[in-house]
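So the numbering used here is basically just the index in the sequence shown, starting at one, shifted up by 69.
Keep in mind the hints are simulated off the structure, nothing from the lab. Possibly wrong hints are sitting among the right ones.
Distance ranges between label pairs, derived from CB positions [said to hold, decoys possible]: (1) Gln188 to Lys119: 15 to 23 Å; (2) Leu131 to His110: 26 to 34 Å; (3) Ile84 to Lys119: 45 to 53 Å; (4) Leu192 to Gln170: 51 to 59 Å; (5) Ser137 to Met70: 24 to 32 Å.
Keeping only pairs whose Cα atoms sit at most 20 Å apart, straight-line, the calculated SDA-like set for lysine to any residue is [said to hold, decoys possible]: (6) Lys119 to Pro91; (7) Lys154 to Met111; (8) Lys177 to Tyr141; (9) Lys80 to Leu98; (10) Lys130 to Lys80; (11) Lys80 to Glu95; (12) Lys130 to Leu166.
Beta carbons: idealized from backbone N, C-alpha and C, even for Gly.
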Amino acid sequence: MFQDAETMHLKAIAIKEELLGPEDYEVGLSIGHLASLYNYHMNMHCAAEKLYLRSISISLKLFGERYSGLEYDYRGLVHVFTQLKRHDRANHYNQLLQHWQELREQSKAEQQPALGDEQILPLCELHAKFFAPND
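Using the sequences provided together with the hints, build the complete structure.
What follows is the structure, given as structure tokens:
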């Protein structure tokens with residue numbers, strides 16, 4: 070059953086690479102899914118590691134270090150290295166995951182307006198501001 074899933078993932082990756090290029094978001098996403106299959110279902114941890122690293126590389130190039138999809142790959146690498154009893158590497162990716170979480174929290178805080186900063190207008194002024202004909 071898992072071999073069939075592996076075959077389908079490999080085909081999807083090949084098609085997406087041909088159509089979209091090797092650094093496309095969709096390619097990275099599919100690579101991460103195959104890594105997860107290897108990691109959690111097929112005990113192919115070394116193969117999973119390589120795929121997670123490629124997925125992370127694509128994500129960082131396209132979206133930067135705050136990208137939400139990185140969590141999936143970082144957690145996968147923590148699992149890979151825990152299974153391989155490489156606790157030093159598992160700890161490294163755990164630290165990267167914590168750093169990523171801090172960056173995400175900073176992003177959320179930066180996006181939220183401080184209380185009192187927003188301007189509240191009466192409805193008639195809002196209507197005039199956005200729906201009044203331009204002269």
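Against the structure, the hints:
For glutamine 188 and lysine 119, the hinted distance range of 15 to 23 Å is not satisfied, since their beta carbons lie about 52 Å from each other. Look at leucine 131 against histidine 110: about 27 Å separates their beta carbons, and that is inside 26 to 34 Å. One distance hint, 45 to 53 Å for the beta-carbon pair isoleucine 84 and lysine 119, is violated here, with the actual separation near 20 Å. One distance hint, 51 to 59 Å for the beta-carbon pair leucine 192 and glutamine 170, is violated here, with the actual separation near 40 Å.
At roughly 30 Å, the beta carbons of serine 137 and methionine 70 sit within the given window of 24 to 32 Å. A hinted pair counts as satisfied when its Cα atoms are at most 20 Å apart, and lysine 119 with proline 91 qualifies at roughly 15 Å. Among the hinted pairs, lysine 154 with methionine 111 is consistent with the structure: their alpha-carbon atoms are about 17 Å apart, no more than 20 Å. For the given pair, lysine 177 sits about 19 Å from tyrosine 141 by alpha-carbon distance, which is consistent with the 20 Å threshold.
Straight-line distance between C-alpha atoms of lysine 80 and leucine 98 comes to about 14 Å, which keeps the hinted pair within the 20 Å bound. Under the criterion of a C-alpha separation no larger than 20 Å, the hint pairing lysine 130 with lysine 80 is inconsistent with the structure, at around 24 Å. Taken as a hint, the lysine 80 and glutamate 95 pair is honoured in the structure, with Cα atoms around 13 Å apart against an allowance of 20 Å. Distance hint between lysine 130 and leucine 166 is fulfilled; the C-alpha atoms sit about 18 Å from each other, no more than 20 Å.
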